[in-house]
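Student: Protein chains in written order, with the UniProt record's numbering: chain W, 1 to 392; chain Z, 1 to 300.
Just so you know, these hints were derived from the structure itself, not from any lab. These figures come from a predicted structure and were not determined experimentally. Glycine included, every Cβ here is placed at the ideal spot set by N, Cα and C. Treat the hints with care, as some may be off.
To be verified - Simulated DEER-style distance windows between Cβ atoms:
{"hint": "1", "chain 1": "Z", "residue 1": "ILE285", "chain 2": "W", "residue 2": "ASP114", "range": "48 to 54 Å"}
{"hint": "2", "chain 1": "Z", "residue 1": "LYS294", "chain 2": "W", "residue 2": "GLY240", "range": "46 to 52 Å"}
{"hint": "3", "chain 1": "Z", "residue 1": "VAL274", "chain 2": "W", "residue 2": "SER137", "range": "34 to 40 Å"}
Said to hold, decoys possible - Covered stretches of chain Z (chain W as the covering partner; in silico rule of three or more C-beta atoms under 8 Å from a C-beta of chain W):
{"hint": "4", "segment": "121-127"}
{"hint": "5", "segment": "218-225"}
{"hint": "6", "segment": "266-277"}
As the list claims (entries may be wrong) - Looking from chain Z toward chain W, a few residues come up when the C-beta cut is under 10 Å (computed):
{"hint": "7", "residue": "ILE17"}
{"hint": "8", "residue": "TYR18"}
{"hint": "9", "residue": "MET118"}
{"hint": "10", "residue": "ILE215"}
{"hint": "11", "residue": "GLY257"}
{"hint": "12", "residue": "ALA263"}
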Amino acid sequence: MRVKLSLIALCLVMAAMLAACGGEAKKDEKHDEKADVETGEVAAPAKKLVLGVAGAHSGDLASYGLPTVNAAKLVADKVNAAGGVNGAMVEVMPQDDQCKPELATNVATKLLSDGVKIVLGHICSGATKAALPIYLSGKIVVMSPSATNPPLTQSGEYPNFFRTIAPDDAQAALEVSFAKSLGLKKVAIIHDKGDYGKGFASFCKQFIDADPAIEQVLFEGVTPGAVDYSAVVQKIKGSGAEGVIFGGYHPEASKIVTGMRKKGLDIPFMSDDGVKDDTFIKVAGKYAEGVYATGPMDFSSNPLYQEAVAAHKAKFGTDPGPFFPEAYSAALALLNAVKVAGGTDYNKMIDALHTSYVDTPVGKIKFDAKGDAEGVGFAVYQVKDGKYVEVK
Amino acid sequence: MEYFLELFMGGLTRGSIYALIALGYTMVYGIIELINFAHGEIYMIGAFTGLIVAGLLTMLGFPVSAILVIALVCAVIWAAAYGFTIEKMAYKPLRSAPRLSPLISAIGMSIFLQNYVMLAQTSDFLPFPELIPHFDFMDKAGSIMSSAELVIILATIASCVGLTLFIKFTKLGKAMRATAQNRKMAMLVGINVDMVISATFIIGSSLAAVGGVLIASHIGQINYYIGFIAGIKAFTAAVLGGIGSLPGAMLGGLVLGLTEAFATGYVSSDYEDVFAFLLLVLILIFRPSGIMGKEKTQKV
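Sequences and hints are given; from them, build the entire structure.
Tutor: So, in structure tokens, the structure goes:
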């Protein structure tokens with residue numbers, strides 16, 4: 001009897017809740033109608049343009065992903081203040097993939113089902129690769145500020161994919177020629193077995209193998225998160241390498257470089273833009289001194305770049321993090337494409353990206369036939385007194 | 001030869017850490033037959049406590065060696081408190097439940113603690129101060145072994161010897177052995193089994209915290225996720241040595257550490273984990289109870 005009573009009570013409560021919701025919705029409708037009557041015109045539906053922002057917003061790679069969200073918000077604010085894109089207000093929709101491929105596909109599906117037409121992201125190449133087929137099937141234009149894996153554009157499989165950063169092979173070529181300019185003859189190449197790190201390391205290996213002046217003495221992957229890397233450090237030492245090239249991200253890089261320095265191995269350590277991050281300097285501390293890393297070119301003299309950084313400081317109170325200028329540029333390029341195309345028509349947007357120039361913090365860019373931005377590139381940096389300084 | 005020795009010392013260091021954590025797994029299993037999957041997180045919490053205490057003391061201007069000792073003590077106390085609380089909250093209510101329930105509770109605890117530390121601290125990697133001062137005690141060219149490695153190995157040996165003596169010669173140690181043999185019987189002869197179980201968790205957690213602070217100071221960085229992989233490896237070490245056996249856990253840790261070091265050094269670091277787990281599979285095929293484990297006849 002008691003059970004029955006409580007069941008009935010539950011049903012009543014649920015019914016009441018439903019009724020309440022329904023009532024509210026009705027009230028809203030009425031309110032709208034009234035407003036229309038008062039102004040005497042049919043209120044235009046608030047047009048909005050959703051800009052999806054996908055990337056690592058939590059987890060250990062969040063320091064790469066969050067600047068992109070900030071960049072998107074700043075660009076959206078700026079564009080909205082100027083009246084929006086073709087009258088539509090830009091709305092930023094961040095989606096967290098933690099740089100994990102399996103989460104990236106969820107994110108892509110979510111954005112697809114929400115009807116988003118332009119996506120800024122993803123941050124990591126592995127996640128981007130996993131998500132791209134979904135975007136392609138949904139005819140969504142994707143632009144990454146940081147996914148540097150070359151086949152993403154060069155394979156030609158994804159005409160909907162663009163990026164405002166130069167691909168890894170460009171970075172690897174620069175890395176190898178820089179190693180040569182340091183006078184290194186034997187180089188150990190270490191990577192983190194990931195899409196990005198191993199890809200970069202393999203390109204370095206390719207360029208070194210093709211060059212008789214420089215030789216690779218060790219090519220190995222380490223397991224991210226392993227308790228320590230002392231055995232790998234021993235191996236580098238035993239290989240007689242005069243320098244180390246590392247492909248991967250900063251947690252592993254700082255562990256390896258700390259281990260090397262503690263073992264008295266004072267040979268140059270060179271890495272990629274996964275390591276050209278202030279978190280690396282913070283974590284590796286004094287052992288970071290003298291480490292080389294390639295990273296996107298320095299655009300600090302560009303007035304648009306300065307404006308973007310100033311806006312970031314004004315709104316968030318801090319200096320922007322890695323890939324911020326690329327992300328800011330990508331957001332500008334995407335919104336410009338929508339503007340030129342006069343809407344979110346897939347083919348028109350892609351045409352616009354290939355043909356019309358847009359002024360961005362990374363320079364005046366448009367995209368080549370494969371989807372890479374023309375005119376962006378890499379530079380070599382070195383840690384000096386706790387800061388990355390460009391090596392001229 | 002020098003290369004071999006260097007790898008050997010590196011493997012020994014890593015193995016010592018595995019052994020320190022594995023002791024906790026094996027003791028808890030020995031007493032209540034539970035795989036405490038939250039044990040790796042205790043190690044992580046120990047390391048974080050060490051970081052916070054070390055930061056505080058550095059600000060107050062303590063000398064490094066004092067910081068190391070105080071940080072170790074604080075980490076041990078704090079981690080022991082966590083171990084004690086986890087047992088009371090997540091395992092004690094389930095003590096008479098089917099064996100699967102506390103296991104799932106342990107996994108839940110592990111995930112909870114990871115996320116708790118991530119939210120309370122940060123998900124970024126944090127620099128850990130070098131608490132073990134660097135000194136060259138061998139010739140400079142060799143540098144076969146660093147001071148940090150020596151300290152870690154010595155600390156592990158000291159902990160293991162201390163633990164063995166404790167179990168052998170104290171009253172509580174005797175009670176622990178009795179409880180491990182037969183919990184009901186121990187209860188009947190007047191042993192406070194709840195107290196013994198709590199003590200087991202406290203001791204295991206303390207050892208893990210020592211490992212956490214030492215290794216974090218050696219490699220110089222921590223984040224909320226370090227307990228997961230270290231925990232899995234230490235669990236493997238415990239199984240390798242024979243879960244439930246203390247010397248087995250130590251031996252298993254060292255064997256696992258050395259296997260990984262030599263696989264990296266002579267084959268490739270790509271195959272580090274492959275060889276480690278291949279070893280596990282082989283041992284389990286030929287000695288299902290692990291290297292030092294005892295065969296137990298199942299009562300029907």
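Student: Determine for every hint whether it applies to the structure shown.
Tutor: Structure-based check of each hint:
Distance hint check for ILE285 (chain Z) and ASP114 (chain W): the Cβ-Cβ separation is about 51 Å, which falls inside the suggested range of 48 to 54 Å. Under the hint 46 to 52 Å, the C-beta atoms of LYS294 (chain Z) and GLY240 (chain W), about 48 Å apart, fit the expected range. At about 36 Å, the beta-carbon gap between VAL274 (chain Z) and SER137 (chain W) stays in the expected band of 34 to 40 Å. Counting residues of the segment 121-127 of chain Z whose CB lies closer than 8 Å to any CB of chain W gives 5, which reaches the minimum of 3, so the coverage claim holds.
Note: the segment 218-225 of chain Z has 6 residues with beta-carbon separation from chain W under 8 Å; the three-residue rule is met and the coverage holds. Counting residues of the segment 266-277 of chain Z whose CB lies closer than 8 Å to any CB of chain W gives 5, so the stated coverage by that chain holds, three being the minimum. Interface hint status for ILE17 (chain Z): upheld, as the beta-carbon distance to the closest one in chain W is roughly 6 Å, under 10 Å. Below 10 Å, beta-carbon pairs count as interface contacts, and TYR18 (chain Z) has one with chain W at about 8 Å; its hint therefore holds.
For the restraint placing MET118 (chain Z) at the interface with chain W, the shortest Cβ-Cβ distance is roughly 8 Å, inside the 10 Å limit, so the hint holds. With a least beta-carbon distance of about 6 Å to chain W, the hint placing ILE215 (chain Z) at the interface is held under the 10 Å criterion. Among the interface hints, the one on GLY257 (chain Z) holds; its C-beta lies about 9 Å from the nearest C-beta in chain W, closer than the 10 Å criterion. Residue-level restraint check for ALA263 (chain Z) holds (minimum Cβ-Cβ distance to chain W is 8 Å; threshold 10 Å).
Every hint, counting from the list given before, is met by this structure.
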